[in-house]
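With the hints as constraints, model all of the structure from the sequences given.
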Amino acid sequence: MRQPENPSSTQAQVSGPRGLQSMWHLSEVKIMSRRQGQPQSGYTQLLEGSYLTTARAVNLDVHHKHCYQIAKFLRGKTTIQAIEYLEKVIKKEAAIPYTRRSRKGKGGNTMAGHRKGKMGPGAYPYKASNEFIRLINSAMDNARQRYDTIDPEEMIITHLAAHRGQISRGFRPRARGRASPKNHYQVNLEIFLEHFGEEEEEDDF
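Going by the working numbering, the letters in the sequence shown line up with residues 2 to 206, in that order.
Hints may be right or wrong, so weigh each one.
Below, computed lysine to any residue pairings styled on SDA-like, alpha-carbon distance capped at 20 angstroms [unchecked claim]:
(1) K66 - Y186
(2) K66 - R165
(3) K128 - N60
Just so you know, the hints here were simulated from the structure itself, not pulled from any lab data.
This is how it looks when you write it as structure tokens:
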């Protein structure tokens, strides 16, 4: 008896000038981007917007848990605000709040210590912060080449996400000639920058 197909394992056919399909919904995109055991390829969001620029970084040797927290914190900020804050994180003058798996008994070894102020759990992910600075600068360079009348430092980060990349496989030697797998999942980052000018604000009213 034929089993029904799993919607998470089916691939939609792309069409259009940007390789997009209008029938894709956000829920379907999320399902496709979270297939366990497979690397993420391409953007996970629709490229829609009047003044939009994007950038990607693939197969980065950083921890996904750090990238997830940074991406969640930087969404909605301007590019210059994000870069300035990440530079403070590198100098350990400011911390990234860790809101996922940070409570006792809920996150195992991913718990983070509390920082000064009312932030709560947080950390200073040095390596991941440098990668995000490079990603934001790359998106700003793309904006300068595409739009002459827009200041990239005023653009807003409307989408920023970290997904699983390829697997860096390795082995850990054990006793009596045995070995255990030691795999590291690399990370793919994607960012969308958007400019909301006076024309778009007038259209909303």
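Hints, verified against the model:
1. K66 - Y186: Status holds; Cα separation ~11 angstroms.
2. K66 - R165: 11 angstroms, holds
3. K128 - N60: With Cα atoms ~14 angstroms apart, K128 and N60 stay inside 20 angstroms; holds.
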